[in-house]
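Residues 0 to 358 (numbering that gives the first Met the number 0) are what the sequence shown spells out, left to right.
Rather than coming from a laboratory, the hints here were simulated on the basis of the structure. Be a bit skeptical, because a hint or two may be false.
As the list claims (entries may be wrong) - Computed beta-carbon distance windows for the label pairs:
no. : residue 1 : residue 2 : range
1   : 214       : 42        : 14 to 24 Å
2   : 342       : 76        : 36 to 46 Å
3   : 26        : 60        : 14 to 24 Å
4   : 134       : 172       : 32 to 42 Å
5   : 260       : 218       : 54 to 64 Å
6   : 218       : 37        : 16 to 26 Å
7   : 57        : 244       : 43 to 53 Å
8   : 261       : 199       : 14 to 24 Å
9   : 134       : 189       : 15 to 25 Å
10  : 26        : 261       : 48 to 58 Å
11  : 17        : 189       : 28 to 38 Å
12  : 193       : 26        : 28 to 38 Å
13  : 17        : 193       : 56 to 66 Å
14  : 160       : 42        : 42 to 52 Å
Yeah, the Cβ is synthetic: ideal placement off N, Cα and C, and Gly gets one too.
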Amino acid sequence: MREAARLTSVREFRQAGISVRLAVGGVLLGGLVLLTSLISLSLGPVEIPAGHVAAVVLSFVGMDVAEVGRTEHLVIEQIRLPRILVGAFVGMALAVAGATMQGLFRNPMADPGIIGVSAGGALGAVIAIATGLTGLFFLALPSFAFVGAVAATLLVYGIAAVGGHFSMATLLLAGVAVNAFLGAVISAIIILLPDNEALREVLFWLAGGLDSRSWEHVHISAPLIVGAAIVILVRARDLNLLMLGDDEARALGVRVGVTRVALLAAAALATGAAVAVSGTIAFVGLVTPHILRLVLGPDHRVLIPLSALAGAVFVIVADTFARTIIQPAEFRVGVLTAFVGAPFFVLLLIRNKRQAYAL
């Protein structure tokens, strides 16, 4: 009786700890999302005072607190706000997918591109640009990118499941091989492109960016990304148990095969939707969840939702710098995130190497 009461107390204490971390982290990171969004809305070739930005944002919910010029209103509503929302959803998708991949592979250096999603999306977009379909159909590029991302994921998973015996190690190796092959196909298309304008568009898209994002891109990406994130969050407890090993997870009631497929599919769906509207933005899915894991611990019930908020902040900040540091031109968001992520990745490798030698 006393043992049961003690276990109940421990369980309640842990649940309280999870709730506190979620509440505190949610308030802090949610506030950062709001703050960085408002700052980003005010910066650009047309500088808009913070008060006017707040007035326009409040007008969307029916609160007319001040008169704002039509030009400022249009700049915020039609240009900056959809771009920021797309950036927030892209950051959310990549960070949540990264946290999921790191959990599934039990490797802090895993990221969303590990199973070929990013490379497949890139190939789909390059085909759309090279064939001129982007000039005929507004949504050709995101549509082709999404189809390419899904197709690459299915190919990698199919290779890993050949013979009816699924293996995470085979999945990883298949991802490496498919990434290399798709990268070679993209390079071949770039070399053979006769049109300099199309070549420039391909290179810009591969570098990742949020320029010219509109409300249509928000409507395309948001439902897929939010839906995938919800699926992952619902299975966050199962993901915790999978990190113990398949046998242990199975003994604790987890349907290992179904859960793994659901998590991989959701992570691939989120990444594919992100790549479809932003191009290849690297390292968000590596850096964001890893930092949060060091601060908050490995519990995915906390890590998944807070990674979504932190990823949104990361991409919004990167995009704000990208469109303001060399005005009137724009830097590429994917280049900026690589500048931050690549040194972090090297430090992570060195840290892991030292820990391995210490053991």
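Structure-based check of all given hints:
| no. | hint | in the structure |
| --- | --- | --- |
| 1 | 214 to 42: 14 to 24 Å | 20 Å, holds |
| 2 | 342 to 76: 36 to 46 Å | 37 Å, holds |
| 3 | 26 to 60: 14 to 24 Å | 21 Å, holds |
| 4 | 134 to 172: 32 to 42 Å | 39 Å, holds |
| 5 | 260 to 218: 54 to 64 Å | 28 Å, violated |
| 6 | 218 to 37: 16 to 26 Å | 23 Å, holds |
| 7 | 57 to 244: 43 to 53 Å | 51 Å, holds |
| 8 | 261 to 199: 14 to 24 Å | 40 Å, violated |
| 9 | 134 to 189: 15 to 25 Å | 18 Å, holds |
| 10 | 26 to 261: 48 to 58 Å | 30 Å, violated |
| 11 | 17 to 189: 28 to 38 Å | 48 Å, violated |
| 12 | 193 to 26: 28 to 38 Å | 54 Å, violated |
| 13 | 17 to 193: 56 to 66 Å | 57 Å, holds |
| 14 | 160 to 42: 42 to 52 Å | 48 Å, holds |
The structure is inconsistent with the numbered hints 5, 8, 10, 11 and 12, although it conforms to all the rest.
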